[in-house]
Each structure stands twice: as C-alpha cells, then as structure tokens.
Amino acid sequence: MNLNLKENTTERNRVLWGTVAFVALLIALTVSIKGSTGLQWILSGLTVGSIYSLVAIGFSIIYASTRVINFAQGEFSMLGGLLLYSLCTKAGLPVPVGFLLAVIIVTLIGAGFERTAIHHLRGQSVITMIIVTIGFSIFLRAIALWSWGSNPLPIASFSGDKSVRFLGASLVPQNLWVFGFTAVMVILVFLFFNRTLVGKGMRAAAANPDAASMVGVSTSMSSLIAWALAAAIGAAAGIIIAPITMPSYGIGTMLGLKGFTAAVLGGLGNAPGAVVGGLVLGVLEKVAGGALPQGYSGYTDALAFLILILVLLLRPQGLLGKPEGIKV
Amino acid sequence: MPGPTVSYRNLLVVAAFIFLLPIWARLVPGSALHFDIVNLMVLAGIYAFAVIGLNLLVGYAGQVSLGHAAFFGIGAYTTAILCTRFAWFPTWLGVLFGALLAGVAGLLIGIPVLRLKGNYLAIATLAFGEISYIFFRQSGITGGTVGITRIPPFSMFGFSFDSDLRFFFLVWICVMVLMLLTINIIQSRVGRALRALHSSEVAADAMGVNTGRYKTKAFVLSAVFAGLGGALFAHFQRYINPESFMLTISILFLTMVVIGGMGNIWGALVGAISLTFLPEVIRALPQWIPGLPEGLANFNNYVLVLYGLLLMVFMIFMPQGMTVGLARGVSYGEMQAKRLKDRIRARKFSRGE
Amino acid sequence: MLKTRMRAKPVVVVLALLLVLSLAVYGCGKKKITSEEPYKIGAVLSLSGPNAPLGQPEERSLKLLQKQINAEGGINGHRVTFIIEDDMSDPAKASTAIAKLITQDNVAAVIGSSGTGTTLAMAPIAEREKVAQVCCAAGTKITQPVNKWIFRTPPTDSMAIEKVLQYLKSNLKVSKIAILHDANAFGVGGADELTAKAPGKGVEIVTRESYGSTDVDMTTQLTKIKDTPAQALVVWGTNPGPAIITKNMQQLGIKIPFVGSHGIANKKFIELAGPAGNGVVFPAGRMLIPSSIPADSEWRKSVDEFIKDYKAAYNADPDTFAGHGWDAGLIITDAMKTANTDRVQLRSQIEKTKDLAGIGGVFTYSPTNHDGLDVNDLIMVKVDNGAWTEVK
Numbered sequence: 041m042n043l044n045l046k047e048n049t050t051e052r053n054r055v056l057w058g059t060v061a062f063v064a065l066l067i068a069l070t071v072s073i074k075g076s077t078g079l080q081w082i083l084s085g086l087t088v089g090s091i092y093s094l095v096a097i098g099f100s101i102i103y104a105s106t107r108v109i110n111f112a113q114g115e116f117s118m119l120g121g122l123l124l125y126s127l128c129t130k131a132g133l134p135v136p137v138g139f140l141l142a143v144i145i146v147t148l149i150g151a152g153f154e155r156t157a158i159h160h161l162r163g164q165s166v167i168t169m170i171i172v173t174i175g176f177s178i179f180l181r182a183i184a185l186w187s188w189g190s191n192p193l194p195i196a197s198f199s200g201d202k203s204v205r206f207l208g209a210s211l212v213p214q215n216l217w218v219f220g221f222t223a224v225m226v227i228l229v230f231l232f233f234n235r236t237l238v239g240k241g242m243r244a245a246a247a248n249p250d251a252a253s254m255v256g257v258s259t260s261m262s263s264l265i266a267w268a269l270a271a272a273i274g275a276a277a278g279i280i281i282a283p284i285t286m287p288s289y290g291i292g293t294m295l296g297l298k299g300f301t302a303a304v305l306g307g308l309g310n311a312p313g314a315v316v317g318g319l320v321l322g323v324l325e326k327v328a329g330g331a332l333p334q335g336y337s338g339y340t341d342a343l344a345f346l347i348l349i350l351v352l353l354l355r356p357q358g359l360l361g362k363p364e365g366i367k368v
Numbered sequence: 626m627p628g629p630t631v632s633y634r635n636l637l638v639v640a641a642f643i644f645l646l647p648i649w650a651r652l653v654p655g656s657a658l659h660f661d662i663v664n665l666m667v668l669a670g671i672y673a674f675a676v677i678g679l680n681l682l683v684g685y686a687g688q689v690s691l692g693h694a695a696f697f698g699i700g701a702y703t704t705a706i707l708c709t710r711f712a713w714f715p716t717w718l719g720v721l722f723g724a725l726l727a728g729v730a731g732l733l734i735g736i737p738v739l740r741l742k743g744n745y746l747a748i749a750t751l752a753f754g755e756i757s758y759i760f761f762r763q764s765g766i767t768g769g770t771v772g773i774t775r776i777p778p779f780s781m782f783g784f785s786f787d788s789d790l791r792f793f794f795l796v797w798i799c800v801m802v803l804m805l806l807t808i809n810i811i812q813s814r815v816g817r818a819l820r821a822l823h824s825s826e827v828a829a830d831a832m833g834v835n836t837g838r839y840k841t842k843a844f845v846l847s848a849v850f851a852g853l854g855g856a857l858f859a860h861f862q863r864y865i866n867p868e869s870f871m872l873t874i875s876i877l878f879l880t881m882v883v884i885g886g887m888g889n890i891w892g893a894l895v896g897a898i899s900l901t902f903l904p905e906v907i908r909a910l911p912q913w914i915p916g917l918p919e920g921l922a923n924f925n926n927y928v929l930v931l932y933g934l935l936l937m938v939f940m941i942f943m944p945q946g947m948t949v950g951l952a953r954g955v956s957y958g959e960m961q962a963k964r965l966k967d968r969i970r971a972r973k974f975s976r977g978e
Numbered sequence: 232m233l234k235t236r237m238r239a240k241p242v243v244v245v246l247a248l249l250l251v252l253s254l255a256v257y258g259c260g261k262k263k264i265t266s267e268e269p270y271k272i273g274a275v276l277s278l279s280g281p282n283a284p285l286g287q288p289e290e291r292s293l294k295l296l297q298k299q300i301n302a303e304g305g306i307n308g309h310r311v312t313f314i315i316e317d318d319m320s321d322p323a324k325a326s327t328a329i330a331k332l333i334t335q336d337n338v339a340a341v342i343g344s345s346g347t348g349t350t351l352a353m354a355p356i357a358e359r360e361k362v363a364q365v366c367c368a369a370g371t372k373i374t375q376p377v378n379k380w381i382f383r384t385p386p387t388d389s390m391a392i393e394k395v396l397q398y399l400k401s402n403l404k405v406s407k408i409a410i411l412h413d414a415n416a417f418g419v420g421g422a423d424e425l426t427a428k429a430p431g432k433g434v435e436i437v438t439r440e441s442y443g444s445t446d447v448d449m450t451t452q453l454t455k456i457k458d459t460p461a462q463a464l465v466v467w468g469t470n471p472g473p474a475i476i477t478k479n480m481q482q483l484g485i486k487i488p489f490v491g492s493h494g495i496a497n498k499k500f501i502e503l504a505g506p507a508g509n510g511v512v513f514p515a516g517r518m519l520i521p522s523s524i525p526a527d528s529e530w531r532k533s534v535d536e537f538i539k540d541y542k543a544a545y546n547a548d549p550d551t552f553a554g555h556g557w558d559a560g561l562i563i564t565d566a567m568k569t570a571n572t573d574r575v576q577l578r579s580q581i582e583k584t585k586d587l588a589g590i591g592g593v594f595t596y597s598p599t600n601h602d603g604l605d606v607n608d609l610i611m612v613k614v615d616n617g618a619w620t621e622v623k
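Chains as they are written, first to last, in my numbering: chain U, 41 to 368; chain G, 626 to 978; chain H, 232 to 623.
Next comes chain U alone, as it looks inside the complex (with noise of 0.2 angstroms):
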C-alpha cells in the first residue's frame, strides 16, 4: 500500500492542471483555426460530455463502494427518460411532479436490485457480478421494449427551443438546463461525499471495509445508498436529456458505454474524475468528428473506445485515480 499521500496528491494534482491545460490547448487551438465553427464543436462537445459525466458519476459511485461495475447504469437514465414521457407527455402531470416520481421509482428499483442481487452475492467472483448486473440491464431493456416500444418518443424541451447565440456559436435552452444540473451534481455529490457523515461514512467503507465496521460504519448500508444514489442520478440525468436524446428502450446502452469509458478515463470510483472525464471525452469526440476528413467520420465512435484501451494500459487508475493495490 502506498503510504506516500503527499507524493500522491502531488502527482494527482498535477494530472489534473495537465489536463486542464491540455483541454485549454485544444479549445484555444479550435477556436482559432475553426472560429466560431470551431466553438461550435466545443460547445457540442460539453454538452454531450456533460451527458456523459452524469452516467459517470453513477458508474463511480457505484465502484467506489462495492467495486462493481454497474452495467446496468445506462438503464437508469433510460428509464427515467421513458417515465417522464408516461407521466408528463401523456398522462400531463406537471414536469417537477413528473421529475421527482421518476427519479423515486427509478431509485427503487436501484435498490431493490442491491437488495435482492448485490448484497446477496458480495464476495463473490468478478464474473458473477458482471453477469448479474449485464442480466440486469437486458431486463431492464427487455420490460421497457415491452412497455414503450421500439420508437424513440420525443419529450417537449423546458424551456422551449429558441436558440441562444453567443460568439457566433449557438444553444438551446436545453443545452443550458444540461450543463447548469451537471454543475449541481457535481457540487451536490462533492458536499455529500466530504461534508455529510452519511457520505464521509461511505468514503471509509470504501477504503477499509474493517476499519470502517469497526468504527460503526456499514458496509451494507453503505452499498445501498451508494446504488439508490447512482440510480437517483441516473434517472435525473435520463430525464434532463429526453428532449435532446428522444430516448427509447435502446439508448441505455450507448450512454453506459459512454459513461463507463468517462468514468475510467477520469479515474473509476473517483466522482470529480467521472465529470472531468466525461467533459474530456466529449470534447475530443466533436473535435475529431470535426477534424476529421469526410469518410473517417465513421470511426469517431472508436476513438471512445480506443481512449479506454489507452487509458487502461498506460495509466488504469485514470486521470485522477489512486493506483489499485495487486489483488492477492
């Protein structure tokens, strides 16, 4: 175990500055080159980073406390998407009513799944976490094919969609309604994990299982609220992004793909490294699609991947995670 903390936030520190540096880099380098066109494709880029964040933020709670890879992750937000369609768009209950009863179900069901499932099997093998949370997410997938549909279902925006423009570049409210309830994520779980009790509880419970029992802490509890909290999250972000998105019974997927690279890239189990990850991710996304010359606009949907294979082979623990000890 590395006892050097100084040495590690150090270094830690200094991933961080690099990568914003290198990030200034490449917004200041597009935006020159590319103008406004270039601002364009940054902007784009957090607004899908942002999107990603959200879905990482989960995926690093989640591998915080039980290190379980949740592959069901992107089904929260697919869920909550599809509910505020039953609940707003058809059934014309106001949006903040419909927020909160989709974020409630959604994370009931995260829990009752840590309940029945996880708590159950804690301890055993990666493989038979794996599979149950990838058992998990075709169910999940499989009951809102079966109760939604296969067509995507559009969700009216908050605010309408008048665009606004700045810098020659442009938005739409939703994108804004995007970024401001990232920001508040993030700040919300950075509160949660290093000022409330409940949250620095979960922090040792992650960190030393023992020590943390020892001290009256639960292991158990802190499982669950890790998983109704990523759920909660998941939901929120699935329904902020329904208008942009026209969420159907598919789109699980591709957000926990992306979400999960986000949260390795910034470092699985860190939640900052999960925002700054994600942002990351995005903008190099729309940058190289934009870069890129016509015919190769194909493989920008490999370069998410090909970032995760890098990451894990050159530095695994992520921009700003802690090296993992060696399993014995």
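If you are wondering where the hints come from, they were derived from the structure by calculation, not from laboratory data. C-beta: ideal position from N, C-alpha, C; glycine also. Mixed in with the good hints there might be a few duds.
[Said to hold, decoys possible] Pairs of lysine to any residue, SDA-like flavour, derived with a Cα cap of 25 angstroms:
#1 Lys74(U) <-> Gln462(H)
#2 Lys457(H) <-> Ser126(U)
#3 Lys542(H) <-> Ser190(U)
#4 Lys542(H) <-> Trp188(U)
#5 Lys202(U) <-> Ile501(H)
#6 Lys294(H) <-> Asn744(G)
#7 Lys130(U) <-> Pro506(H)
#8 Lys202(U) <-> Gly505(H)
#9 Lys499(H) <-> Leu133(U)
#10 Lys362(U) <-> Asn744(G)
#11 Lys499(H) <-> Ala196(U)
#12 Lys498(H) <-> Trp188(U)
[Stated by the list, open to error] Some chain G residues close to chain H (C-beta under 10 angstroms, calculated; not the full set):
#13 Ile776
#14 Arg863
#15 Val928
#16 Leu931
Fit chains G and H to the given chain U structure using the hints.
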C-alpha cells in the same frame, strides 16, 4: 475448484448421444421436424467452439473476456473475404486462415491486456470487441454495413457440406475433437499450471509458474477456437454482416460459459446447447397453452425479459453454473439417500433383525 | 473413479432433459393436417428487435389479407394460411426460421424478411431448397445481381434516390448539395447510391458527413456543412437522427432545404421533429397521399379499400410497411391461382406477374427485374404543419 480427471468414456457417451440426435428427432411422432432441430444444433455446435475456448480461459485460467465476438468475427470475415474474392480458394484453407488470424489477434491483444485483472480486464476486452465491430462495419474490405454475401458452402476433398445434416456432423465431430484436445490440456502440466494461477496468481508465480505465458497461451487458444467457430459460421449461414459480431454475442458466449458451469469442461456444451435452445423453447410455449390473451400470446416479447431474469436468478442461486450446481445437487441427494439407508439399517439392527 | 462418473451423470441428464423438452415442444407445435388441406405460405418477419416497426405492420397486413381471401372462398377452393415466424431482426434466426418453414411446415413460398440483413441470410436457403422468397426489404444487394428465387415488393433505395435527384434538379434547381447520413446500413446504402448517381444528373456533392445511429447532437457535422457552398442538404437515415438534425438546423440557423429519405415517411418523424420538421421533403410511396394516385385506376381502388379495411381492423392508419407486407402476400396468392402449391411453378408464375395493382404500386416482374416497381410509383411529400402534402 476444477477437480482431477475427466474420463474419456464420458466423452464417448455424450458423443454417441449427440450423433444419434437426427434419428431421435425423427422418432418424435407426427413431424419431420429434425431439420430445424438439426439446424439449431448446428448453431449450438458453432457457438460451442467459442464457448469451449472461453470456458478454458474463464473457468480454468480464471481470466475474463467480454470481447470474444471479435475473434469469432475475425475468423468469419477472413474466410468470407478469401473465399469470395478468390473463387478458387479452398474453403478448408479459409477456415484455417480464419482460426490462425484470430489467434494472431489474440496474441497481439492478449499480451498487453492480460496484465490487467478482473474488472479492468473485462473492460479492456470489451473495448477491443467494440473496436473490432466498428472496424467490421466501416471498412470496405469487409463489405461495410451490408456485409458479405454468396459465401461458398464448406467443402473438403470434393465433398460439399451444403445441407444442414452434413454440417451437423461436420460441426459436432469437430466439437468432439476440440473437447478431446481440451481435456488433454486440462489433464496435462499446462492444465495444472492454469488451475494454479486461477487459485492464486501470486502463489503460482512464487512457485515458478510463468503466469504471463500461461495466461497468454490460454487466451490465444480461446481466440483460435472462437475464430474456428466463426469461420464455420460464415460457411454455414453463407452471409455475414457486422451485426452478428456485436457485444451481445460476446455476452452470450460468456453467459453460456457461466450458466453452463465454469471449472467443468462439460459446462461449455451444456451452456451452448441450452442457451441456443432456450429462447426457441420459450417462443414455442404458447402453442402448448391454448386460449392465451393477445398480449400474452406473443412470447417474442418475453424472451429477453426472461433471459435477463434467468441470468440474475442463476447468479444469485447457482453462480457456479448448471453442471457444477447440479453435480453438487446430485451428490447431495445421493448423500441424503445414503444417510437415509444407514438410518433404516441402524433401526433394523437395533430392533435385532 | 466414482467422482467422475458422478459428474458425467448430471450432464447427460441435463442434456437429455433439454433435448426431450425441445423435441416435445416442437412435436406439440406441429399443426394438424386436415383433409381439406390449406395452401400454406410462410413468412419470416422482424416482429421484435430493431426492425419491429417494419415487421409488425407487415404481419397485421398478412393477417388481414388471409381473413379477406378466406372470406371470399380461398384460392381454387382451398383456404390460405400464412405461417408467420419472428426472426427477431437477427440473421441467424431468420435462416433457422426459413429452414423450419420449408422443411417442417412445407410451405409453397416464403415472404421475408423486413430488413436487408435478415433477407440476405434467408436467400441461400431459399435458393438451395428452390422456394420463392418475396421480401419487404429495400437493400440493393438483394436483387443485384438478380437471384432467380428472390423477389421484392418495396421500392428500392436507388428508386428513392432517383426521385430525390429529380426533385433537386427540377423543383429546387440546385447543383450543389451536401449529404448527411446515418452510419447504419440504410444510411450508408442511400449515401453511396446518391454519391454514385448525382454527378450523372449534374448535381455536385460538395461534402458527405455521417453520424452514429445513437448520436444525439449533430451540430458539429452541420457547422461543417454550413461552411460549404451546399444549396440543399440530403439527410438519409431512420428516426430519431433526422428529427434531431432538424432541431439542430434550427438551432444553428441553417436555412437550406432539408431533403430526407423514406426513412422519415411516418408520423413518428413529425412527432419527434415538431415545428422544426415543417418544410421537410422526402420521397415515399403514393399510398401516403392516396389522392396522388389517378382516381379511376385499379391501384387507387386497392389503396382506398386497404386503408379502410386496415383502419377498421386495427384502429390505426396503415403505413408503407403495412403496404409492403400486403403486396408480398398479394403477389404470391395471385400467382397461386395459376400455379397452386407447386414451388417451381409458383416461382415462374410470380416472375410472370404483370400489371398487378397492389398498394405500393402496379407490379410487373420479369427474368431480369425482380423489383416489381419503378421510380414513378413514388412521390415527393412535404411536411406542412404536421400533415403531408404532395409536391408536384
């Protein structure tokens, strides 16, 4: 943990059972249905190639892979491209090249990626699988999104395997050969080394087992097997497109290994056969139950719901898979039976008989 | 020794159980043969999976057609049965399904499938077993080169492209266009076709961009297009991509005309795009706007009746996919009047189909043309305040 010897006699029993299948199917009254049962068994056999290899990698060597559809696809596309671009190219050579290329890919990917453990290895292999799929979909040489049509049927020594029945025997004979090979490997020094590194990589390393080399060997072998299966798949379906090599197939292979039973080589066959037949059995069920309401009668909607449920339930109640779980169940049952017998005998004895 | 025997037993038991179960299920599922043997036509459609929106209306049409034919006395005194299987949008399942229909159910011909991939997987089996296959998919490769046993009912992608090019030249009078297409098979197929045919019609393609089927923001590609001299944008993809693009175009203030594909020839697009979708133009079958078909023609009569009956039976308007399904059933049952259930004769009779009025158009096949329709069976449709109007 995987036990010691597996008898070759069992292999013969199972082989006989399977080869008699086309006849068994004919015996079922009122149907000439063995062609599509045979058709399904061919597919199960083709998948079994990949599953046997993956079982070795996951169950014995203790690694994980969520990207094996890529090797399956490399095998398929190699033989498809060679045999459609060059009309003279012998199909058996195409299949061999397919398996070889898949093995090479396994080596190139395995060496860097096997340094990772557990979850991280799973993610890395998943990423590799996705990159391969995107390549299959984008590249001109693979026919892009439409894929490759008019792949010639498999033929050897002038004999063309053009019907389901012929392919059935071809595939299952090969599967039995693979099983033989794998049993040999497991019982050899290599197998013991793999099992050692599965229980504890550090201990195995300390004992002088070159863990890196064995892991890579297992990975490459599983890639070759998958490539072989993929190549035969191309000659069976005679048309391939990238959709047949997506993440869902990688997950299917892994699921077949896990549900079939890890640490037991029979698990591969049990998993491959049961998970190929199960969706079809579920879909056929409504014909058994008369008078179902409209929404319920279309079981196509249920198949995926039940599949997801099945995975979760299995992991919760029988995480070691069917063969191991049922074997334990059977030995538990036998033990209870023996206890009962003893108790009866004891009671008889105490009554002075 | 004991241990290994114990381990093989459960395996054999499990395998035996599974196989017996499967055999029993298939055995019970076999339909009883009556003395008045119905004419059986197989159908492999995508009732679940990504292509379900295509397969489900096709299934409904076939069921409707079956009811109508049997109500009128069947074909040559025999009832007609469509045995419909779901391929779950999976090529492997499609080939299993057609194998089962041909060998177990002994069908005279097969309809299928809804999508190009599944259709191509069925073709080798249809060819090997010498059974005619009438598909509802639009992929060019299916009939190029012409396969003796495969026919199709929908208009092809190249017909749609031709219609679009006609529109660009005659109505919009533009000479420079940009293409933005989905990276899936449908999008790539259309874009390739357009790239190949446009120069011949005097239309220059200044840039060609693509987007992923699951992408949610296409502003990057659109800003690049905005920077080019393109006078119109052709978008080739299936929902929700094109709808997202209309919204992105509104956001960026891009005003050039949006010409779509028949992938948006449905109400879903209008729902998703909302007001941003107004003014969008796309090629589609004439049944979308029945008044575009000459009033006194057989074709018009068929379409009017079909719409009326479909609505009465299913409480929903039929879409073009429902039409393709109906046409496939119609073509086979029409040929059956002469050829009955002889598979080889049925194929020849289908090939001899001439001026048969269906829903998608008036069908004529020949040994060199297994597509049945031509570009004149399509019209350009404009989205106007949530409704469709014909563009003359």
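Would you pick out the hints that fail for this structure and give their numbers low to high?
Hints 2, 6, 16 are the ones this structure does not satisfy, whereas the remaining hints hold.
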